[in-house]
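Peer 1: Sequence:
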Amino acid sequence: MENISAANSRTSSDFIRDIITKDLKTDKWGGRVATRFPPEPNGYLHIGHAKSICLNFGVAAEFNGVCHLRFDDTNPVKEETEYIESIEEDVRWLGFDWGRHLYFASDYFGQMYEWAVQLVKDGKAYVCDLTPDEIREYRGTLTEPGKESPYRNRSIEENLDLFTRMRAGEFPDGSRTLRAKIDMTSPNLNMRDPIMYRILHAAHPHTGDMWCIYPMYDWAHGLEDSIEKITHSICTLEFEDHRPLYDWFLDALGVYHPQQIEFARLNLTYTVMSKRRLLELVREKLVRGWDDPRMPTVSGLRRRGYTPESIRNFCAAIGVAKADSTVDVSMLEHSVREDLNKIARRVMAVLRPIRVVIENYPEDKTEELEAVNNPEDPGAGTRKVPFSKVLYIEQEDFIENPPKDFFRLAPGREVRLRYAYFIKCNDVIKDDNGNVIELRCTYDPETLGGKAPDGRKVKATIHWLSAAHAIEGEVRLYDYLFTKENPDDVVEGGDWKSNLNPGSLEVLSSARLEPSLAGAKPGDRFQFERLGYFCVDKDSSDEKLVFNRTVTLRDTWARIQKAACKK
RNA sequence: UGAGGUGUAGCCAAGCGGUAAGGCAUCGGUCUUUGGCACCGAUAUCCCAGGUUCGAAUCCUGGCACCUCAGCCA
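Going by this note's numbering, the first residue of the first sequence is number 329, and it counts up by one from there.
Below, a list of computed lysine to aspartate or glutamate pairs in the DMTMM-like style, where the Cα atoms sit at most 25 Å apart:
1. Lys-452 to Glu-442
2. Lys-712 to Glu-857
3. Lys-758 to Glu-687
4. Lys-475 to Asp-569
5. Lys-849 to Asp-705
6. Lys-849 to Glu-661
7. Lys-557 to Glu-442
8. Lys-732 to Glu-857
Hint data in this document are derived by calculation from the structure and do not stem from the laboratory.
Go ahead and model the full structure; you've got the sequences and the hints to work with.
Peer 2: Spelled out as structure tokens, the structure:
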């Protein structure tokens, strides 16, 4: 296993860390802290899981404890090996190390079965022959108590016999269950004789066909925690109602009893976060896969260019509490920009090129100008960029009739080409349709390096590329997956998918790139100056570079325009 | 109409009886060879109503709002 350290993120206290601190003070667990991250391998991890991972592994690291990675693989019909592999990869990529503590709930099936037999012998569990429909009927409703199953009072001998035969495979799927004998009138539905085992003649990714009965979450989870001597079993809010049952099983068995603590799951604006919905997007090909850069999955964010560090910082910044919350996606974007600003090499790229001819520059001359790789990191050094008579600049850096607060290039106006010269626009050449296709400019040789000896100033500095030297590549621009902050914000009878953003992916197939980008490898991250952060996609090859836009730079000009539009 | 939770700024979130941290966003400004970064400044009386107290976001009482639960999913 790679040696990755977990504890390099900003952390502050929260109610869970407060509980642990107190437990340490009172020596509740003999000075131990043991947490676990228990994903079900039925999908890819998303940013919400990252929050849980950072919490569980983070807490363990801070308090000198351990955090287990445990696959909660109790339902073979939904689980796949592909998911197990992706989950391990994602947790590792996020920077966490479970050491030797990799576990599978399925490894405990034998022990769980013995404990179930124990409860049967104690008269605390029984085999029930009710059909699924009948079970629902007998359960009662939120406001009315349930009714006891007619099979509730079978003898211990009969229950033992039936349960043994359930396990032996004598009965078809769904024909019987093993249920805990608790209280059909409990106001907490979870306590109304919950099902412990169901019959499922299905092959399990790990145990093969060794079992045909599989434990339910409520029965299994506490046992897994108990077996692993977990101290703090941290889960999300929807399990709060299950805690009495978690406690009941462990007490009934008289075994080691961890404390379950619930916190609010993460929601983000402009995206969906349930595994069911993410699966739907993948299956219906509304995105290009689990790792589509528009997905809030860990693999999607990775492909998009997010750094593990930025995700960890984000998780630290949003905190941990019990109030339902939807975090503004701008906070996530802030985290990547903050990290990438420090580490990303700067480079020039022109996404939507417009030709610029420097009329007074020699035809066959090429200069190699020095450019800084990262102003935030002097150690990153410098590089050379070629300059020549014909250049490309960004279409949006030129406006023929500019509004008053636009200070880039316009007819008769002078701007600075980054690391090069001042140029002035003299003529605008258009095609038959009136589209600007070329700018005729002149440069001032005295301004090499960006300063004019006469002290005159220019308002703008723009990026550029030498047409003859630039390489061509594909750039994929991403926007939010949904047009609404809350995808569930739909008209009567509408579907969340109707809020999918048709413009969430824009492919620019012939963007121009600085020649120094040749040879960039998938995963490499750059700042395209004045545009944003980009990373090389795995679809990239030596013949054709493909970049993903991770996030734009903050863009004051865009905001000014937006404000102007609203007026 | 049952049970369990939660309500502090546009969004997260500290606060634990002594007079509302911090981050994101937003708006001003400084700086600038990235309209980036950095820096400076602005922005809340804490769901509501009573009560206790010298003093309440914090304690008490009563409301209100929102979330979760009726899978042989987790």
